[in-house]
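A.B. asks: Use the sequences and the hints to build the structure in full.
Next come the chains, spelled out residue by residue.
2 protein chains.
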Amino acid sequence: MLEQFKVSEEDAVRVPEAGLRETVTAFFERMGVPAGDAALAADVLVLADLRGVETHGVSNTPRDYLRGYSVGEINPRPNWRVVRESPSTATIDCDAGIGLVVAPKAMEIAIAKAEEVGIGMAVMRNGRHLGMAAYHAMMALERDMIGMCMTSTPESMAPTFGSEPRLGTNPVALAAPAGREAPFVFDAAATAIAGNKMLLARRLGTDILPGWLADEDGSPIMDAFPAPEPSFRGGKATLMLPVGATRELGSHKGYGWACIVDILGGIVSGGGYGMNPGRPNFGHSVTAYRIDAFMDVDDFKNTMDEWLETLRTTKPAPGHERVLYPGLPEAEDEADRRANGIPLHPEVVDWFRDTCAELEIPFRLTDG
Amino acid sequence: MLEQFKVSEEDAVRVPEAGLRETVTAFFERMGVPAGDAALAADVLVLADLRGVETHGVSNTPRDYLRGYSVGEINPRPNWRVVRESPSTATIDCDAGIGLVVAPKAMEIAIAKAEEVGIGMAVMRNGRHLGMAAYHAMMALERDMIGMCMTSTPESMAPTFGSEPRLGTNPVALAAPAGREAPFVFDAAATAIAGNKMLLARRLGTDILPGWLADEDGSPIMDAFPAPEPSFRGGKATLMLPVGATRELGSHKGYGWACIVDILGGIVSGGGYGMNPGRPNFGHSVTAYRIDAFMDVDDFKNTMDEWLETLRTTKPAPGHERVLYPGLPEAEDEADRRANGIPLHPEVVDWFRDTCAELEIPFRLTDG
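Order-wise, the sequence lines are chains Y and R. So in our numbering, spot 148 of the first sequence is number 148, and the numbers just go up one at a time. So in our numbering, spot 239 of the second sequence is number 239, and the numbers just go up one at a time.
Straight line, CA to CA, 20 Å or less: simulated EDC-like cross-link-like pairs of lysine to aspartate or glutamate:
id, chain 1, residue 1, chain 2, residue 2
1, R, K6, Y, E248
2, R, K315, Y, D217
3, Y, K6, Y, E321
4, Y, K315, R, D215
5, R, K315, Y, E164
6, Y, K315, R, E164
7, Y, K6, R, E248
8, R, K315, Y, D215
9, R, K315, Y, E216
Note that these hints are calculated values from the structure, not bench results. All values reported here derive from a predicted model rather than from experimental measurement.
C.D. replies: Here you go:
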């Protein structure tokens, strides 16, 4: 994540993993989610914060979930079920259950199918927010599989040359195990920045950079400007740009990747594409590839180690200390935060304190 | 493709599809390729030109293939074989056969597996140039499947913050059928531009645009400059940037997508990753997803039509006539070129005339 989106060490309150997990679990239980599912949902959120993926952790999304459960948009006790399947595939109706809970179960199905036939894929329709896509992909790692996860989200991105939102941020995550190196874990939206980064930028008072957003008429904004207020453009949805920003820089590629996710994460689930307003707005897909269906697992991990080491020891360009690979900084954050606590913005801690009081659940984020 | 890469209508020589196909087939036969395989290889190249994908058609690649066959780098009669398989996967050793010939056969295997179990994937090691990735993905269309294709290519891209080439251009293609709309066909490199665009730019005398290449030290070049000569930087490999160009614009996403292709198109085939000099340098993968394993095919196509129509009727931004979707301009080019011939740069026609004379094969590109 860009440094500008990190809460500064001086501002941050370091919160213990166990206390955060306990509080978030209680929060989901209070929403009517059964205990086991609540702990699972909390695990998805807390892992995001442990790995430095603040956009998908406890800072932003519980506020939305609170609203969603309150108005009946998210079903706390979904009767999710497999509506069609083949030896390598399953189509799941989520019954408006949150992705944080249904997607890990779908990934278990995909993994079981991969055990049997080599590849397993489960697509989900009528779903709700997924949380960090990498969580579900990473479930494959300890099974010596490669995991993939996609989610087709409500429209926010203008297609190249367009002036109306047509695609979601549509992230893709891919996780592949290594030996001595931290596993490869990629997780990124097809927009220039993740949707929740707008919220983070506002909280941290940072700038929106060139190439991230389009003007009202669809023209890419190629200057920096302060993070807009929620009332920006009279409350109109902000028009996000695909990765690449302009056609010349390759925005049609970000646009195309978002389309792939709308197909493999949305349409093929039978639940439609992200922008369709008459439809439930989240489709997900998870895929597991059993490595020894393709080659020996040890050879795979040795090659991964060699490759990842070569990537991270690439000579850096001027002004940069080192070259990273996807999953490396997240693994470093995870090691630090498991030991030293998770840095949260004080505003987030305050929200939890107030919300815990209101919901009459224990607040375990600080000792005070 | 950006207009600057299209040969202008005034300059172009329109060549009939049948004549071009005949000449290219004869070319491959002359390289020692059996007749059926030669016709298949020609089909892959000619379809690229029909669909306006000049980078992967007859203009650039036969020169390279001529060299490859001559020096024994490409095996004209490969004994390719499946070295490991599961119900949904096959690992193929290409025996140095060209991807133009082996990948379609691998895709037939993937399709047959998808017929059986829902998804089929074939990975190829020890491969040679793939041609247009979309060709192999599109084979799924008439079988009511979604097709995907990836290829892990020799290093040319600097990772974000890096100053040395570590990833290939690593394209991904995805094809999905529709009903009345032209099928969705995405095919793009993870670099800002495809590798062969450098050759095209040089032939057409056009500029390299900001965000496409890095300086020798790895710094992104954010100004336009004339297409470099082959001796550019003393013959050093040109350092390409991932889509997104800079970290702030999202280059880590282009970098990450390239990594995904190195894993799913290279490492998992057992043939290693793109940059490894001690290894054969092309790995490929093809995947087929049988739509009715997930949902009803008619429903899928109806939804695709609705979605694709919404995309192409998006209100355009100022300065743009219309919004496209991946596969739409290619389908329009194909309709035009099948009827009116394929526009080639005169220099390309001259190369074929000379080469046909040299190789003593018939030249059928023009009547003259």
